[in-house]
Amino acid sequence: MSANIYSVDYFYTTVEDTPGMGCKFLETLVHEDVNLLAFNAFPVGRDRTQLVIYPLNSIWLGDLARHEGLRLVGPHHAFMIHGDDELGSLVGIHQKLCDADVNVSSANGIADGRGGYRYIMHVHPDDFQIALEILGVDQNIRPIADYHLDLKRRFQAKG
Numbered sequence: 001m002s003a004n005i006y007s008v009d010y011f012y013t014t015v016e017d018t019p020g021m022g023c024k025f026l027e028t029l030v031h032e033d034v035n036l037l038a039f040n041a042f043p044v045g046r047d048r049t050q051l052v053i054y055p056l057n058s059i060w061l062g063d064l065a066r067h068e069g070l071r072l073v074g075p076h077h078a079f080m081i082h083g084d085d086e087l088g089s090l091v092g093i094h095q096k097l098c099d100a101d102v103n104v105s106s107a108n109g110i111a112d113g114r115g116g117y118r119y120i121m122h123v124h125p126d127d128f129q130i131a132l133e134i135l136g137v138d139q140n141i142r143p144i145a146d147y148h149l150d151l152k153r154r155f156q157a158k159g
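Just so we're aligned: the sequence shown equals residues 1 to 159 in our numbering.
These are calculated hints, taken from the structure and not from any lab test.
Possibly wrong hints are sitting among the right ones.
Derived Cβ-Cβ restraints for the label pairs, each shown as a range [as the list claims (entries may be wrong)]:
| hint | residue 1 | residue 2 | range |
| --- | --- | --- | --- |
| 1 | Arg71 | Ser2 | 36 to 44 Å |
| 2 | Asp138 | Asp33 | 23 to 31 Å |
| 3 | Asp138 | Asp85 | 35 to 43 Å |
We treat Cβ as the ideally placed atom computed from N, Cα and C, and that holds for glycine.
Given these sequences and hints, build the entire structure.
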């Protein structure tokens with residue numbers, strides 16, 4: 001199977017680096033039906049943690065942020081890639097970008113233990129459009145097709 005490559009939005013915020021802050025943030029997302037494609041957290045400085053949120057629905061995350069008074073930075077753009085977990089499965093993707101002098105600034109992936117993988121890849125914002133073209137990403141196709149959720153909104157966003 002060749003890899004499926006999608007363009008995804010992501011946002012970030014920082015919270016105090018204390019026990020329970022990440023959990024509290026994730027609980028807020030759950031209570032307001034904001035489903036995630038991916039999530040990452042890492043320390044920034046001595047007492048802060050950056051939370052990186054890849055929502056299934058960016059509009060719902062924006063509504064939540066306004067409703068809860070959360071400060072989110074974004075949307076930014078990344079690539080979500082998934083395919084069969086085979087030796088060297090990501091080499092061709094990286095090689096195409098390398099040949100076009102597009103730098104992958106960060107990436108993270110995991111094998112699912114059932115023969116597949118998911119991979120998130122970031123390029124510099126100035127290179128995003130060319131990376132879309134090089135990788136042949138159709139922005140009208142979203143990874144949403146992989147998820148079948150019947151979520152209902154529980155709040156009305158504040159004006």
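Consistency of the hints with the structure:
1. For the pair Arg71 and Ser2, the supplied restraint of 36 to 44 Å holds, since their beta-carbon distance comes to about 39 Å.
2. In this structure the hint that Asp138 and Asp33 lie 23 to 31 Å apart at CB holds, the actual value being about 27 Å.
3. Remark: the range hint 35 to 43 Å for Asp138 to Asp85 is contradicted by a beta-carbon distance near 23 Å.
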